[in-house]
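For the record, the sequence lines run as chains A and B.
The letter at position 187 of the first sequence is residue 187 when you use my numbering, and the numbering goes up by one with no holes.
The letter at position 113 of the second sequence is residue 362 when you use my numbering, and the numbering goes up by one with no holes.
Accuracy of the hints is not assured; some may be wrong.
What the hints assert, rightly or not - With a Cα cut of at most 27 Å, we get these calculated DSS-like pairs of lysine-lysine:
1. A/168 with A/101
2. A/88 with B/408
3. B/420 with A/95
4. B/408 with A/101
As the list claims (entries may be wrong) - Some chain A residues well away from chain B (every beta-carbon gap over 12 Å; in silico):
5. 142
6. 154
7. 196
In short, the hints are calculated from the structure, not lab data.
The structure displayed is predicted, hence computed values, not measured ones.
Think of the CB as a built atom: it goes at the ideal place given N, C-alpha and C, for glycine as much as any other residue.
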Amino acid sequence: MNPGMLSLSLRAGILTLSLFIPTLAIAQNSATAQAPQQKPAPQPAAQQQTPPSQPEQPNAPSPASSSSQEPSLSDLGFTPQQTQGNPKLQAELNKRTEMLKIHQRLGLITLAPMAATLITGPMAKAKGRNGQTITEPSNANLDFHAALGGATTALYFTTASYAIFAPKIPNNPKHGAIRFHEALSFVHGPGMILTPILGYDAYKQENAGEKVHGIASLHGPVAIATVCAYGTSIVAVSWPIHLKFWEKR
Amino acid sequence: MKRNSQLAFLSAFLALFVPHCAATQSDTTWVADQSTLSYHMSHPMHEVDGTSHAARGKGVCHAGWCDFLIAVPVKTFDSGDTNRDLHMTEATRGAQFPMVLVRAHFALAEIASQWIHADLEVQFAGQTAHYTQVPFERTQQGNEVRITGTIPLTCSDFKIERPSFLTVPIKNEIPVRVDMTWRQQ
Numbered sequence: 001m002n003p004g005m006l007s008l009s010l011r012a013g014i015l016t017l018s019l020f021i022p023t024l025a026i027a028q029n030s031a032t033a034q035a036p037q038q039k040p041a042p043q044p045a046a047q048q049q050t051p052p053s054q055p056e057q058p059n060a061p062s063p064a065s066s067s068s069q070e071p072s073l074s075d076l077g078f079t080p081q082q083t084q085g086n087p088k089l090q091a092e093l094n095k096r097t098e099m100l101k102i103h104q105r106l107g108l109i110t111l112a113p114m115a116a117t118l119i120t121g122p123m124a125k126a127k128g129r130n131g132q133t134i135t136e137p138s139n140a141n142l143d144f145h146a147a148l149g150g151a152t153t154a155l156y157f158t159t160a161s162y163a164i165f166a167p168k169i170p171n172n173p174k175h176g177a178i179r180f181h182e183a184l185s186f187v188h189g190p191g192m193i194l195t196p197i198l199g200y201d202a203y204k205q206e207n208a209g210e211k212v213h214g215i216a217s218l219h220g221p222v223a224i225a226t227v228c229a230y231g232t233s234i235v236a237v238s239w240p241i242h243l244k245f246w247e248k249r
Numbered sequence: 250m251k252r253n254s255q256l257a258f259l260s261a262f263l264a265l266f267v268p269h270c271a272a273t274q275s276d277t278t279w280v281a282d283q284s285t286l287s288y289h290m291s292h293p294m295h296e297v298d299g300t301s302h303a304a305r306g307k308g309v310c311h312a313g314w315c316d317f318l319i320a321v322p323v324k325t326f327d328s329g330d331t332n333r334d335l336h337m338t339e340a341t342r343g344a345q346f347p348m349v350l351v352r353a354h355f356a357l358a359e360i361a362s363q364w365i366h367a368d369l370e371v372q373f374a375g376q377t378a379h380y381t382q383v384p385f386e387r388t389q390q391g392n393e394v395r396i397t398g399t400i401p402l403t404c405s406d407f408k409i410e411r412p413s414f415l416t417v418p419i420k421n422e423i424p425v426r427v428d429m430t431w432r433q434q
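Construct the entire structure; sequences and hints are all you get.
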């Protein structure tokens, strides 16, 4: 081989190496990064907030993305329990929310007859001409108060049943305002049982022409404590309240 | 002869240096070390922030582009009230679609700049929405990089029926504040 040919062959060989080795290096790097394929040129989203297009299906780990270079959910180490959808739990949550919405509405509605019962309570005792309480109460006032009390009791326990029988979500320790809301139910709950019983006793004593005495005389104080606990319970579950209707949005 | 040796040197330089350049331009992988994701919910009577520290993320930069994936379980957002969190999970169909996935895509050239403008694909509540050129601020903290920004999510983007209190629904906007620390693997 003459020196000219040797030099040409040498140059061709080195040039081939210089072009081929980088390709090898890239391929090797890609292989170590768990992706043997080359990624297509990315296309940034053309539109903002495209309408949802994905069919509704459980949020399982996403299928292989357009490029194997892109990280996938399986790379992040979440457990299948965390990533798999649970339609049964979703149905329970839906039912729970529906029942608690009714609980909330009925609870607010119950406030009206409860307040009216509290206001009409002192009126149940008829007043004499000189302002003194007489032993014979006005039947109209007493019956109206008793009817309001009955309606309040019925509404109250219907309201409570929607919270009591709402599905319980397991592994969900309670914290926050809901705990205070629930704790107060141990005050107004017994209060709502005691108040009508004491009221019935007081009603019987008044109808018998007697001055209300004994444990029945606690009907008023128990009712007031019950209403206070009930009102506080409503405020507690809404806390903290930021009244800012007057502020500009 | 001198010309031949120059050519040989150039070829040898190319053969040795170009692979090195290619190697530095190849994949870099990033992993999230710490994360704080917070959504903000507004109602005339309530201002609520729900925060999760359970987000995980991974990013790969390759061929001039970076693709990052951030995932967080819906139920890990804590607003300070269990009842509200369960209601949020219900409203966002969080039991059926338990993960929020955010895929970010941006040019590799931005990874060292103060502001990164990423195109985002967010999968949430069984729906997918895209947000273009969302700005994130990048701060170098030693070996780590802190990324902060806000994703302008809305309830309507994900067909979420807005919860209401005293018949007044919450605002449609539920911006999600992202504060994550990343390190290169």
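The hints, checked one at a time:
1. The straight-line distance between the Cα atoms of residue 168 of chain A and residue 101 of chain A is roughly 15 Å, inside the 27 Å bound, and the hint therefore holds.
2. The suggested pairing of residue 88 of chain A with residue 408 of chain B holds, with an alpha-carbon distance near 21 Å, which does not exceed 27 Å.
3. Between the alpha carbons of residue 420 of chain B and residue 95 of chain A the distance comes to roughly 24 Å, so the proposed pair stays at or under 27 Å and holds.
4. A distance of roughly 20 Å separates the Cα atoms of residue 408 of chain B and residue 101 of chain A; the hinted pair therefore holds under the 27 Å criterion.
5. Residue 142 of chain A, annotated as away from the interface, keeps every beta carbon of chain B farther than 12 Å; the closest lies near 35 Å.
6. Distance check for residue 154 of chain A against chain B: the nearest CB is about 24 Å away, which clears 12 Å, and the non-interface claim stands.
7. Its beta-carbon lying about 29 Å from the closest one in chain B, residue 196 of chain A satisfies the requirement of being farther than 12 Å from that chain.
The structure agrees with every numbered hint stated previously.
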